[in-house]
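Enquirer: If you're matching them up, the sequences are chains R and B in order.
Going by my numbering, 605 is the number at position 236 of the first sequence; the sequence numbering is gapless.
Going by my numbering, 153 is the number at position 149 of the second sequence; the sequence numbering is gapless.
Fair warning: there could be bad hints in the mix.
[Stated by the list, open to error] Which residues of chain B face chain R? A few of them, derived with a C-beta cut under 8 angstroms, are: (1) I63; (2) T64; (3) R71; (4) V123; (5) A155; (6) V159; (7) R160; (8) L177; (9) K178; (10) G182; (11) G299; (12) W301; (13) A305; (14) Y309; (15) K312.
[What the hints assert, rightly or not] One-sided and incomplete, this derived list gives chain R residues near chain B with beta-carbon spacing under 8 angstroms: (16) Q391; (17) T397; (18) P401; (19) L403; (20) R536.
Since the hints were made in silico from the structure, they are not lab data.
Predicted model only: the values in this text are computed from it and were never measured.
We treat Cβ as the ideally placed atom computed from N, Cα and C, and that holds for glycine.
Chain by chain, the residues:
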Amino acid sequence: MNNNNLYQYILGIADNSLILGQRLGELTGHGPSLETDIACTNMSLDLFGQVRSYYQYAAKIAGDGRTEDDIAMLRKERNYLNVLLVEQPNTDFAYTMARQFLFDVYHFLFLQELQKSKDLTLSAIANKSIKEVSYHQRFSSDWIKRLGDGTEESQKKMQTAIDDLWRFTDELFHQTDADKSMVSEGVGVDVTKLKDTYYKKISDILEESTLKIPESKYFQKGGKQGIHTEHMGYLLTELQYMQRAYPNMEW
Amino acid sequence: MSEEKIKNLEAQFEERIARDEKIEPKDWMPEKYRQTHIRQMSQHAHSEIVGMLPEGNWITRAPSLRRKVALLAKVQDEAGHGLYLYSACETLGISRDEMYEQLHSGKAKYSSIFNYPTVTWADMGAIGWLVDGAAIINQVPLCSTSFGPYARAMVRVCKEESFHQRQGFEIMLKLANGAPEQKDMAQDALNRWWWPSLMMLGPTDAESVHTEQSMKWKLKRKSNDDLRQQFIDQTVPQADLIGLTIPDPDLKWNEERQSYDFGEINWDEFWQVVKGHGPCNKERMAARVGAWESGEWVRDAAMAYSEKQQERKEKQAV
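Using the sequences and the hints, build the whole thing.
Expert: Spelled out as structure tokens, the structure:
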């Protein structure tokens, strides 16, 4: 098996959790209620926990002396492989929950399949993570319903967020060459097969939340090739600050 | 109720406390006892919530994944303490919204220490080590305070705080043993946090207005000055151990007292911060009020949704 493909494949999974965890971490202490504050911090914590398992494994595969932190914090922007969806900013609580929901539903379906991976480390990580992600999915779905079917104002805000973030959903189902090669090895998940179930699940919940399912067929992509939105550089600036300002130190 | 009857109840109440019995929310209690507890417990809860801000300031910039996870968990614990304390306080007949209102209007206070800025990563270590260290010294005696819900909350809070303190010390230890730049960062943080940490234990006994009554109700078991001395005696050897210097030229071991003598605390600074003019008072309040106001539509939506769900359930039942 080509180790570089496996390495790239792991990054493709882990970078999503890293960047989404970072976004959620921005909100700690600033949530609309103490309970949502605790929940968002907790989701961030879960995601970073997953990230550590993935990068520790990636560091082992790379075998060039790099650590989990080097991989997390010392790459150039073009080498981060997360989807565009997760790097979108916390414009307001509707955007935060819409982003979470659109990712969680995918993430859960993805981990269900990754549990069956021939790669025992990946299947073990998936096994552990899916319990957490099932909670994330419940939390974000509940908020879609509350805000969608809440007040007139909240419905409008939630609809705007869903409409705006919709264009980033299709990329979740794109495959890179590394992805394809890992699928053929029985290691990776064939995400193209998740697409119908994903949109069905999303549509059901949007409908239940009295929200309209966006009709636009124009989608954005690029994250999986390392071409990100303009938000990404600022996010990385914070994420990498200490490692860049104080190179080669232990913390 | 006649005056005589109230006096009688009060006497019985004080006897119960003297016998170390716990007072529970539904028990009769003097109005002053209720008000004093609302004041102290809500202040404590507010401190946990405002205290999330200076540390939250470093979550996105934590230097390693391990540190980031630990910091997230720590700040989450603080939110949990806040939630727990607000709930305990609600048993005294005040709502969480009312307590928030008092915080936002400036009527209720929170610990002044959180009005200092966190300017380097080492501040995460200093806060854990010194601020949580001082908080534990304040809070351990409260585990046996007279009001049951507060005492039980403190048992749990103290366990987590002591974990945070070790975590903070470990951050400092790592920096102190690291590169020269890291050691400088640690010393600089100690220099900035030392004196505010001493102030955290409250004004000197001569100036402390609430002490006597609080002692009787076991809301306070040692005086501010005694607690401060305990904190200093405990912390100085820890600083020595990791090779950092306490920023007090008058600090000296007193053989006779078996305690450290220490320099004059700048009480003008203390009162300036308490009165709302510290380096970050305005920012902390703006952050809390901002989160509350910009979250209003979210809370309204949750309420409206839950009412709709209730209506639907009722309709189905018919």
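Enquirer: Please go over all the hints and tell whether each is borne out by the structure.
Expert: Consistency of the hints with the structure:
With 8 angstroms as the threshold, the beta carbon of B:I63 comes within range of chain R, its nearest partner Cβ sitting at about 4 angstroms, so the hint holds. With a cut of 8 angstroms, the hint placing B:T64 at the interface with chain R holds, because the nearest CB-to-CB distance is about 4 angstroms. For B:R71, the suggested interface contact is upheld, since its CB lies about 6 angstroms from the closest CB of chain R, less than 8 angstroms. Hint status for B:V123 relative to chain R: violated, with the closest Cβ pair at about 13 angstroms, above 8 angstroms.
Against a cut-off of 8 angstroms between C-beta atoms, the interface hint on B:A155 is violated, since the closest Cβ of chain R lies about 22 angstroms away. Contact between B:V159 and chain R, as hinted, is not supported at the beta carbon level, the nearest pair being about 20 angstroms apart and thus beyond 8 angstroms. With 8 angstroms as the threshold, the beta carbon of B:R160 stays out of range of chain R, its nearest partner Cβ sitting at about 15 angstroms, so the hint is violated. Interface restraint check: B:L177 against chain R, minimum CB-CB distance 11 angstroms, threshold 8 angstroms, status violated.
Among the interface hints, the one on B:K178 holds; its C-beta lies about 6 angstroms from the nearest C-beta in chain R, closer than the 8 angstroms criterion. Among the interface hints, the one on B:G182 holds; its C-beta lies about 6 angstroms from the nearest C-beta in chain R, closer than the 8 angstroms criterion. Taking 8 angstroms as the C-beta cut-off, the interface hint given for B:G299 holds, the closest approach to chain R being about 2 angstroms. A hinted interface residue such as B:W301 counts as satisfied when its beta carbon comes closer than 8 angstroms to some beta carbon of chain R; here the least separation is about 5 angstroms, so the hint holds.
Taking 8 angstroms as the C-beta cut-off, the interface hint given for B:A305 holds, the closest approach to chain R being about 3 angstroms. At a threshold of 8 angstroms, the smallest CB-CB gap from B:Y309 to chain R is about 4 angstroms, leaving the interface hint in force. Annotation: interface hint on B:K312 holds; nearest CB of chain R at approximately 6 angstroms, less than 8 angstroms. The interface hint given for R:Q391 is met, as the beta carbon of that residue sits about 6 angstroms from the closest beta carbon of chain B, less than 8 angstroms.
For R:T397, the interface hint holds, the least distance from its beta-carbon to any beta-carbon of chain B being 4 angstroms, beneath 8 angstroms. Against a cut-off of 8 angstroms between C-beta atoms, the interface hint on R:P401 holds, since the closest Cβ of chain B lies about 2 angstroms away. For the restraint placing R:L403 at the interface with chain B, the shortest Cβ-Cβ distance is roughly 5 angstroms, inside the 8 angstroms limit, so the hint holds. The closest approach between the C-beta of R:R536 and any C-beta of chain B is roughly 24 angstroms, which is over the 8 angstroms cut-off, so the hint fails.
Violated hints, listed in ascending order, are 4, 5, 6, 7, 8, 20; each of the other numbered hints is respected by the structure.
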